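K.L.:
Sequence:
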Amino acid sequence: MKHLRILLCLTGLFPLITHAQQPVGENDANLSELLYRPNKPVAPVKEGIEPSRQHPVTPGRNVHVQRLAPAPKWNMVANSKTAFIGIDNGPITVKKLNTPAFCTTPTVTIGCCSYNIQDEAANKNQLYASPAAIFSNENDARTYAESLTPKVPFFLPFTNSKVYPGGAWKYDNGSGHGSVDFSKTSDAYGPGIDPTFGVYASAAGKVVTAMWDSFFGNVVIIEHIAQDGTTYRTGYFHLRGGFDHDVANAKMIPVSDPSNLDARDTKYKKFANLPNPSQLLWGTNDQKLKVKAGDKVYAGQQIAWSGNTGFGGAGWGLNQDGTPTNPYTANNHLHFMLWIKSPGTGADWMEVDPYGVYSTSDNSNASCYEIGATGAFNRFFAPFYPSFHNVPVQHITQYWGYYTGMGMALQTLSVHKAGNQYLASGSFQYGLPSQWYCRINMNSTQYQQYFDEYYAKGFIPRQISVVNDAGGNPLFTVIWKLRGNENFVAVHNATDDVWNAKWKSCVDQQKMRVTEHVVYYAGGKRYHAGVFGSNNPGGFYMYYGLNTNDFTKKFNELNKAGLMTVNVNVEENGSQNNVGGLWWPRNKAYYSYMNMSPADYQAKFTDLTAQGYQLYRVQGYDNSSRFAAIWMK
1 MKHLRILLCL
11 TGLFPLITHA
21 QQPVGENDAN
31 LSELLYRPNK
41 PVAPVKEGIE
51 PSRQHPVTPG
61 RNVHVQRLAP
71 APKWNMVANS
81 KTAFIGIDNG
91 PITVKKLNTP
101 AFCTTPTVTI
111 GCCSYNIQDE
121 AANKNQLYAS
131 PAAIFSNEND
141 ARTYAESLTP
151 KVPFFLPFTN
161 SKVYPGGAWK
171 YDNGSGHGSV
181 DFSKTSDAYG
191 PGIDPTFGVY
201 ASAAGKVVTA
211 MWDSFFGNVV
221 IIEHIAQDGT
231 TYRTGYFHLR
241 GGFDHDVANA
251 KMIPVSDPSN
261 LDARDTKYKK
271 FANLPNPSQL
281 LWGTNDQKLK
291 VKAGDKVYAG
301 QQIAWSGNTG
311 FGGAGWGLNQ
321 DGTPTNPYTA
331 NNHLHFMLWI
341 KSPGTGADWM
351 EVDPYGVYST
361 SDNSNASCYE
371 IGATGAFNRF
381 FAPFYPSFHN
391 VPVQHITQYW
401 GYYTGMGMAL
411 QTLSVHKAGN
421 QYLASGSFQY
431 GLPSQWYCRI
441 NMNSTQYQQY
451 FDEYYAKGFI
461 PRQISVVNDA
471 GGNPLFTVIW
481 KLRGNENFVA
491 VHNATDDVWN
501 AKWKSCVDQQ
511 KMRVTEHVVY
521 YAGGKRYHAG
531 VFGSNNPGGF
541 YMYYGLNTND
551 FTKKFNELNK
561 AGLMTVNVNV
571 EENGSQNNVG
581 GLWWPRNKAY
591 YSYMNMSPAD
601 YQAKFTDLTA
611 QGYQLYRVQG
621 YDNSSRFAAI
631 WMK
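When we follow the working numbering, the leftmost residue of the sequence shown carries the number 1, and every step to the right adds one.
Since the hints were derived computationally from the structure, they do not count as laboratory data.
Predicted model, so just to flag it, every value in this text is computed and none were measured.
A portion of the hints provided could be inaccurate.
[Unchecked claim] 27 Å max Cα-Cα, derived DSS-like pairs, lysine-lysine: (1) LYS270 to LYS162; (2) LYS554 to LYS633; (3) LYS290 to LYS162; (4) LYS206 to LYS124; (5) LYS288 to LYS270; (6) LYS290 to LYS251.
The whole structure should be built from the sequences, with the hints applied where relevant.
P.N.:
Below, the structure written as structure tokens:
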């Protein structure tokens with residue numbers, strides 16, 4: 001065991017997203033799950049278009065779509081024999097995946113829907129329209145849609161594990177919808193079970209509308225502005241606004257023809273005037289909008305509860321006497337819309353399919369909503385959270401451009417296994433240097449090849465993760481950074497003797513520091529990979545090969561001495577795990593934990609990010625059942 005001292009200064013970073021407190025009664029989804037979810041049987045959702053709300057529009061003629069370059073397709077997978085990926089300011093190749101077949105040819109210019117909705121923040125109406133209102137033909141609309149890529153991460157507007165998409169860009173009968181309907185699966189409701197679920201802001205932004213509308217019921221619209229100025233809006237419809245509030249407003253809806261028993265507004269008003277409106281289907285007074293126009297919200301903040309308000313919500317699910325055709329749900333669902341600023345003169349905002357599918361959600365297209373599906377358009381819903389754990393490596397590589405395209409970079413990345421499957425845990429963050437490289441699961445030859453290539457470009461390894469392949473050979477995942485003026489020495493596949501010789505030369509003689517170090521095993525033999533750097537302003541401590549108890553004692557000792565942990569490396573060797581680490585003089589607040597289960601890790605992540613801490617380093621181990629991590633601020 002060797003030890004010296006060194007000082008490290010890190011740039012402070014800000015959390016991108018924290019997970020909101022769950023409402024009582026929510027069946028919370030595991031946050032390590034991917035956000036694309038296959039269709040499952042859900043409560044039937046019935047909606048339609050009210051002609052009086054449709055705004056007549058003239059398709060714009062001034063959108064020069066031929067000048068638009070297609071966006072990189074993160075959902076397209078290149079045929080390649082390589083199992084690694086890197087950022088080379090050029091094409092990214094990844095291992096071919098077993099993904100769903102190419103999705104059905106979509107239709108962008110559906111004939112639905114264009115609506116005038118009050119913008120309370122600006123005190124004026126805004127026209128939200130279908131691409132058909134902007135483009136004069138399908139080809140131009142498709143060309144534009146193919147150029148779109150999200151500049152803000154969007155997340156599903158719910159966290160309940162029983163909620164799935166049940167209606168998409170087009171209804172299953174082929175008619176236009178222009179949005180996504182979310183509701184609970186059929187096994188999640190029944191007699192005495194409230195069909196509602198919490199609704200959350202899909203991205204950070206400002207509430208511009210939070211009001212009652214006779215057609216949409218309670219509506220919330222949020223504006224989101226990306227760092228490059230790109231502006232989006234998301235809409236949340238048919239929400240609950242409090243039992244007394246919703247019943248009173250429903251009773252005030254004008255009925256055009258009370259003698260028409262089949263009219264939606266007639267049936268809806270009867271629903272509101274039932275002798276004893278069910279509080280189960282109409283909610284409670286506590287289930288109301290949690291935001292107002294002008295409020296700023298963060299991604300994942302609860303804004304409301306799903307409902308069936310407005311006869312656009314319940315009107316299609318009622319019998320002639322006003323009772324619900326489905327007495328357990330009464331058409332309770334969330335109608336979700338995503339808009340971009342209109343590229344033409346036909347409207348203020350244009351509808352976009354957040355899944356990038358532009359098709360129906362029936363059985364023939366169900367796989368198109370799963371992660372890994374291939375299609376012509378990029379998805380706006382994030383494939384995983386920016387800080388993630390236990391995500392299959394192929395999804396990290398396939399959707400590499402989602403976060404990097406927003407200017408984010410990898411702070412940390414660990415590849416580990418669950419059986420024969422490679423999983424990844426890590427964190428994309430803002431505020432990191434824009435020039436960097438990453439390669440995943442390189443064998444020793446490939447690592448040397450890219451080390452030489454990036455060294456010639458002025459880059460050195462910043463973080464190394466090692467996992468064994470099926471044959472027990474090491475696979476390296478490495479993040480490189482710009483070198484600067486410091487001298488350095490990097491090694492991998494170094495035996496104890498080689499490592500000790502490098503230590504003597506670099507640390508003892510040249511007074512360099514260890515900036516990165518991991519221990520791994522291959523063929524029952526211990527190896528080292530690491531980096532020595534010449535920038536040594538203070539000193540450092542480094543230990544490896546400690547059992548858990550000894551490491552804990554050393555951690556407590558150094559922590560009391562005013563040092564902080566900047567690397568905890570669990571050394572897996574069959575059933576025997578040892579631990580190593582790096583320490584610097586403490587210059588900021590930090591937390592370091594190991595031996596966390598996935599649930600423990602998620603709980604720590606949620607708690608610490610809410611306090612302003614940023615994930616600095618993570619490692620998965622023990623068949624992906626345990627995690628070690630460091631947070632700093």
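K.L.:
For every hint, state whether the structure bears it out.
P.N.:
Evaluation of the provided hints:
Using a Cα cut-off of 27 Å, the hinted pair LYS270 and LYS162 is violated, with the two alpha carbons roughly 30 Å apart. A distance of roughly 23 Å separates the Cα atoms of LYS554 and LYS633; the hinted pair therefore holds under the 27 Å criterion. A C-alpha spacing of about 22 Å is found between LYS290 and LYS162, which places the hinted pair at or below 27 Å, so the restraint holds. Between LYS206 and LYS124, the direct Cα distance comes to roughly 16 Å. Compliance with the 27 Å bound is thereby established for this hinted pair.
Distance check on the hinted pair: LYS288 and LYS270 sit about 22 Å apart at the alpha-carbon level, within 27 Å; holds. Proposed proximity of LYS290 and LYS251 is supported: the alpha carbons are some 23 Å apart, at most 27 Å.
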